[in-house]
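**Q** Dock chains B, C and D against the given chain A, drawing on the hints supplied.
4 protein chains.
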Amino acid sequence: MKIDFPIILINFKAYYEAMGRRGLELAKIAEKVYKDYNVTIAVAPQYIDLSLIANEVEIPVFAQHVEAFDPGSHTGFITLEAIKEAGAIGTLLNHSEHRLRIDIIDDIVKKAKKVNITTVVCANTPEVSAAVAALNPDMIAIEPPELIGTGIPVSKAKPEVITRTIELVRKVNQKVVILTGAGITTGDDVVAALNLGTQGVLLASGVVKAKDRRKALENLVKAIRGRK
Amino acid sequence: MKIDFPIILINFKAYYEAMGRRGLELAKIAEKVYKDYNVTIAVAPQYIDLSLIANEVEIPVFAQHVEAFDPGSHTGFITLEAIKEAGAIGTLLNHSEHRLRIDIIDDIVKKAKKVNITTVVCANTPEVSAAVAALNPDMIAIEPPELIGTGIPVSKAKPEVITRTIELVRKVNQKVVILTGAGITTGDDVVAALNLGTQGVLLASGVVKAKDRRKALENLVKAIRGRK
Amino acid sequence: MKIDFPIILINFKAYYEAMGRRGLELAKIAEKVYKDYNVTIAVAPQYIDLSLIANEVEIPVFAQHVEAFDPGSHTGFITLEAIKEAGAIGTLLNHSEHRLRIDIIDDIVKKAKKVNITTVVCANTPEVSAAVAALNPDMIAIEPPELIGTGIPVSKAKPEVITRTIELVRKVNQKVVILTGAGITTGDDVVAALNLGTQGVLLASGVVKAKDRRKALENLVKAIRGRK
Amino acid sequence: MKIDFPIILINFKAYYEAMGRRGLELAKIAEKVYKDYNVTIAVAPQYIDLSLIANEVEIPVFAQHVEAFDPGSHTGFITLEAIKEAGAIGTLLNHSEHRLRIDIIDDIVKKAKKVNITTVVCANTPEVSAAVAALNPDMIAIEPPELIGTGIPVSKAKPEVITRTIELVRKVNQKVVILTGAGITTGDDVVAALNLGTQGVLLASGVVKAKDRRKALENLVKAIRGRK
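Protein chains in written order, with this note's numbering: chain A, 1 to 228; chain B, 1 to 228; chain C, 1 to 228; chain D, 1 to 228.
Honestly, the hints are just simulated from the structure, not real lab data.
Heads up, a few of these hints could be off.
Keeping only pairs whose Cα atoms sit at most 25 Å apart, straight-line, the calculated DMTMM-like set for lysine to aspartate or glutamate is [said to hold, decoys possible]: (1) A:Lys171 x D:Glu58; (2) B:Lys171 x C:Asp138; (3) A:Lys156 x A:Glu218; (4) A:Lys113 x D:Glu167; (5) D:Lys32 x D:Asp70; (6) C:Lys171 x B:Glu85.
Chain A residues, not near chain D, derived (Cβ > 12 Å throughout) [stated by the list, open to error]: (7) Ile89; (8) Thr185; (9) Leu194; (10) Ala210; (11) Ala223.
Keep in mind the model is a prediction, meaning the values are calculated, not measured.
Cβ coordinates follow ideal geometry from the N, Cα and C atoms, glycine included.
Excised from the complex, chain A in its bound form (with noise of 0.2 Å):
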């Protein structure tokens, strides 16, 4: 599946309002949204949800996280070729509730693309941002951790963190695509982002536990409409 971008990535978490059968109702939101707006919308639902949702939206769906290892004896764990087979495009990895060993993303990336699993990989400062570039993932989705969950977003608390990324990833890197992550819940955060040189955002609680989520993303798409 191709993406376009800016893209607008839901990461459903753990959260109960993102869970069975409601999160399958903020995937087919998500989904009408990007129909009505012509704008990107991917979702990152649960496992146990994924292949209901990849079976019942036409819109990019990744996993939250995946193994390195081929399918065999491994019991709790889910392997690139599972979330293949149930329909995912892609996965996020190394979100700052999930870090992983070094060694492990570059297993995981390179095995990704020989399954043709988009990578989108989280990162915590510029300096991991450009070392994760080094890795040739599809993404790279930086994240100041202790912005995340606050409504506080990257985009307009610390602008630099974004721009030292983008410089310290392009010099490693000149394809990866960056999304911005951590605090986004408003257009104005998205439109910020994009204005930084990011193509895109990855963002949960601002769309998840909105209390109108349909008109969360639609302020988001709306956004990125009006500044094209």
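**A** Chains B, C and D in isolation, oriented as in the chain A frame:
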């Protein structure tokens, strides 16, 4: 869901043969054999297939692992609430391929009781089995890791491990159900496990990777029926 | 080395105040107070100071942690053989700041017996204490983690945790020594811990970070002497 | 301490042959060979022997691992402050036997700079080497894990791994020193490593487990001297 013993609990692991459509097929075979022979068969599919399988079959469905924490900001992890909403009635824990900290097992077992999820905690030695018993899970599966996946049944190769486990566990906990794991493939293995005093078996490759999975399962339940 | 009870076991942690020369000073104070009052005091210095301290003082010296594996190809880890050769007579295990897998605790305790190293396994709840007891360590230290470092002694704030621990542990293991940890600072705290039926205390900041460390230790041992 | 290159860095691991008194002997041999041949030799003893060795020899002493956090409430872990106070001038990090999360490597490298500790970060592939280079450590040691401890030198068995590592690392970082690890035993191996463009070697069993350790080390430095 009340579980009748003896039980045959099939761990699908991350096996290719038990992933996606093939996992659903296997679950349906298990259901059919259960209906034909009235011996309890439970399945522990991969997270990704759990919800679909739980919806499609009327036998007990277990997760392969679960976290202690509540729904919330956790990326790439699955909660007790999520597996319950997906239709699981229980979960494996501390499998040799997914060992856990002692305090975490305590946390999960306590929380599982509150949300009415049955816990099957694996243990590698009689002493660890007794330790697990002190945490009051619903079941313990004793599995010497050196025999897992070998086809050499612990009930034959090391029967003293089973009898010693029963002895130590019963000093600590009169109620917990004890299962035999590791190397179980044939009806003889199952009968040996029951004759040693355990109330069922936990197995994986013996059924999942069998050429004729229905026949493999039927051999197990026939041996149990023959024994009664 | 035979240990007389009650025991005061001081965990030096990675505190600046107990590092290097300052750790040696503290160990010498502990030795002096032991000689003056004849109440057992043991110290658990950082690895880096363990050998020097064990050579310089005649009180029991513990490691803060140790691995299960034999000497060999392991980088940045410390074996039982290494702490023994350095002069330690025992080791802490599973501290709330260094939790371990249940099978690993079993491995280390079994191996420690063979090489004659005394094991003190920490536990956060009465149930985990009983589980640990089933693994047959020499001592268990019950430490509700929410009280560690607070100066609020578990023996006063949650005496029922101690009595429940003793009750559950004794069902499983008659011999294991039980220590009280978490929040112990004053002589009263120690006496309360002993009166509840435990045979000593595990503490850290209450002594290590005291303005007058000799006085802090003397207060503890005087209270024990006064109680006899 | 200024380090001259090329360097031979000996990882003592948790080897029995390099523990306690035997570790000190090995460090003294290294010092003597250094003085006789004027080729830089550094040692990375076990934590437990670090302070004694650093006091007794006048060659660079490294830790085998260290944590990112400040001195404080951490049980069984060693801080940068502790190894510095003990006399270490640097530390290994991310050895194949002690892999680290990417964000943790970033944390430790940044903090090590502040306290003036030299960092040698191990890497298993050219890509991971480049990623590590983006974190700006002082040195990188490229060690294909399948060759560690084999006596098959990477510089001969997989020279393309070294040349590719240099190529990728230099795109990211012009300054970082690159060492060759894995399978280095003979003087030829060292010369091959230097001829490929790296500035030294990281080895362990080749020296630690040699029958005649002085001779083993002399063979390495003579080869370097002969090359100059």
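**Q** For each hint, tell me whether it holds in the structure or not.
**A** Evaluation of the provided hints:
| no. | hint | in the structure |
| --- | --- | --- |
| 1 | A:Lys171 x D:Glu58 | 40 Å, violated |
| 2 | B:Lys171 x C:Asp138 | 19 Å, holds |
| 3 | A:Lys156 x A:Glu218 | 21 Å, holds |
| 4 | A:Lys113 x D:Glu167 | 22 Å, holds |
| 5 | D:Lys32 x D:Asp70 | 35 Å, violated |
| 6 | C:Lys171 x B:Glu85 | 37 Å, violated |
| 7 | Ile89 | 23 Å, holds |
| 8 | Thr185 | 24 Å, holds |
| 9 | Leu194 | 25 Å, holds |
| 10 | Ala210 | 29 Å, holds |
| 11 | Ala223 | 31 Å, holds |
Hints 1, 5 and 6 from the list above are not met by this structure, while the remaining hints are.
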